[in-house]
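**Q** Let the hints inform the model, and build the full structure from the sequences given.
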Amino acid sequence: MTAISTHPKLSRRFRLQYESAQERWVLLYPEGMVQLNESAAEILKRCDGERTVAAIVEELETTFSIQGIGRQVKDLIEEGGRRGWID
Amino acid sequence: MAGSIEPPGPPLWLLAELTYRCPLHCVFCYNPTQHARIQQELSTAQWVDVMRQARALGAAQLGFSGGEPLLRDDLEELVQEAHALGYYTNLITSGVGLTDARATRLKAAGLDHVQLSFQDSTRELNDFLSHTRTFELKQKVARIIKSHDWPMVMNCVLHRHNLPHVGPIIEMALDLGAEYLELANTQYYGWAWVNRDHLMPTHEQLVEAEAVVNRYREQIGSRCRLLFVVPDYFEQRPKACMNGWGSVFLSVAPDGLAMPCHNARNLPGLALPNVAHTPLADIWRTSQAFNAYRGDGWMKPPCRDCDERHKDFGGCRCQAFQITGDAAQADPVCGKSPHHDQVVQLVKQAPTQRHIPIVFRSDTESRGLHPEVPA
Chain E
0 MTAISTHPKL
10 SRRFRLQYES
20 AQERWVLLYP
30 EGMVQLNESA
40 AEILKRCDGE
50 RTVAAIVEEL
60 ETTFSIQGIG
70 RQVKDLIEEG
80 GRRGWID
Chain F
0 MAGSIEPPGP
10 PLWLLAELTY
20 RCPLHCVFCY
30 NPTQHARIQQ
40 ELSTAQWVDV
50 MRQARALGAA
60 QLGFSGGEPL
70 LRDDLEELVQ
80 EAHALGYYTN
90 LITSGVGLTD
100 ARATRLKAAG
110 LDHVQLSFQD
120 STRELNDFLS
130 HTRTFELKQK
140 VARIIKSHDW
150 PMVMNCVLHR
160 HNLPHVGPII
170 EMALDLGAEY
180 LELANTQYYG
190 WAWVNRDHLM
200 PTHEQLVEAE
210 AVVNRYREQI
220 GSRCRLLFVV
230 PDYFEQRPKA
240 CMNGWGSVFL
250 SVAPDGLAMP
260 CHNARNLPGL
270 ALPNVAHTPL
280 ADIWRTSQAF
290 NAYRGDGWMK
300 PPCRDCDERH
310 KDFGGCRCQA
320 FQITGDAAQA
330 DPVCGKSPHH
340 DQVVQLVKQA
350 PTQRHIPIVF
360 RSDTESRGLH
370 PEVPA
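Residue numbers (numbering that gives the first Met the number 0), protein chains in the order written: chain E, 0 to 86; chain F, 0 to 374.
These aren't lab readings, by the way, just hints derived from the structure by calculation.
Just so you know, these numbers come straight off a predicted model, no measurement behind them.
Please note that a few of the clues may not be correct.
[What the hints assert, rightly or not] Here's a subset of chain F near chain E, in silico, CB distances under 8 Å, partners left out:
#	residue
1	Leu11
2	Ala59
3	Gln114
4	Glu364
Yeah, the Cβ is synthetic: ideal placement off N, Cα and C, and Gly gets one too.
**A** Spelled out as structure tokens, the structure:
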């Protein structure tokens with residue numbers, strides 16, 4: 000068993016939204032807002048409870064023509080789990 | 000560099016104080032004590048216009064507050080408009096007026112979250128401090144909130160009377176299914192300032208309460224997030240008030256005054272603009288009031304030369320004015336402030352001042368405290 004969900008899903012208590020005035024994605028929750036960097040946003044957009052972590056990594060590597068981001072994705076999903084962003 | 004003002008970023012928070020009217024009479028309310036003299040309220044169309052302008056500037060979080068915002072019959076309409084604009088909408092309420100029918104309409108309108116205030120874990124103290132019989136009602140409202148699947152922040156203002164109950168208060172929040180519990184140590188503004196001697200805790204009470212909070216945090220994990228608002232009179236550094244003046248926060252009062260902080264109405268030397276006459280973009284970017292304490296050019300020593308000035312922004316302007324008489328001074332809760340002794344004295348003197356009658360927030364008391372303002 001891993002420490003993180005195999006099919007990570009953004010918590011229904013958080014809303015992922017693009018804010019044009021800030022030119023970035025944010026997570027909105029009661030009386031608060033997390034300002035996301037680009038890679039965190041791309042990962043969280045794909046946490047839909049359907050894709051596996053491996054599928055997310057593969058998709059990002061293909062889309063952005065990069066390699067070896069598995070660790071980064073897992074770290075973000077773990078951190079999101081700790082902060083309650085991800086079920 | 001002294002005097003430099005960078006162009007401001009976007010406002011991120013719009014606080015819409017829809018009304019100062021409130022069915023409760025809380026002794027620690029932070030509303031301006033002259034509320035009864037401010038009867039003018041923006042119309043529905045004016046609020047919609049404010050929300051549109053603020054959203055265009057970049058505001059993403061919207062708080063409907065007051066007073067009691069449920070006293071406005073157009074709340075559903077405003078929530079619906081806010082939701083359509085893309086805001087995350089927060090209702091900050093005493094719970095009075097949140098019937099199941101109204102909750103159903105607010106849910107349909109797109110309300111995202113409800114913050115419900117409690118005064119204590121006991122009926123006796125809840126009803127005494129709010130001067131109303133609202134304890135059972137609030138329990139009922141909490142269940143209505145959860146039955147509509149809203150996330151719930153429970154808010155409880157802490158002071159010397161209920162700090163010993165912090166454990167039962169946390170238990171109550173857990174029982175009612177709150178996702179967040181804001182344990183808000185009293186901030187001394189408005190009615191709370193008038194009643195400060197009755198509310199002021201001891202250092203020991205705060206230490207014990209915080210230990211209880213920390214024990215619960217370990218036990219309950221992420222089930223309910225416990226926020227312990229810093230009791231700044233007992234600290235050596237000020238709070239980063241509003242995250243800096245005119246930095247992210249835009250408050251609009253019931254009568255349309257736009258303020259960088261919801262307590263700024265009483266600061267001298269501010270030409271507070273009104274949303275009824277001035278475009279919000281001008282208010283945010285160029286108005287005298289929003290630029291008065293923006294950046295660090297306004298700072299005096301010790302803030303001016305302090306390496307923490309971009310961390311706490313010199314603390315709270317209202318507190319600086321209230322205690323030192325000069326809003327541009329360092330917040331006197333700071334140990335570096337030459338006026339820090341006055342804060343120490345306020346804490347120390349409180350137990351000897353309790354012969355002064357406690358003042359419940361009411362229209363009559365408001366008019367009594369402000370006889371000079373024309374009705």
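**Q** Run every hint past the structure and note whether it holds.
**A** Hint check:
1. For Leu11 of chain F, the suggested interface contact is upheld, since its CB lies about 6 Å from the closest CB of chain E, less than 8 Å.
2. The closest approach between the C-beta of Ala59 of chain F and any C-beta of chain E is roughly 6 Å, which is under the 8 Å cut-off, so the hint is satisfied.
3. A least Cβ separation of about 7 Å between Gln114 of chain F and chain E falls short of the 8 Å threshold, and the interface hint therefore holds.
4. The interface hint given for Glu364 of chain F is violated, since its Cβ lies 30 Å from the closest Cβ of chain E, which is over the 8 Å cut-off.
In this structure, the one hint that does not hold is number 4.
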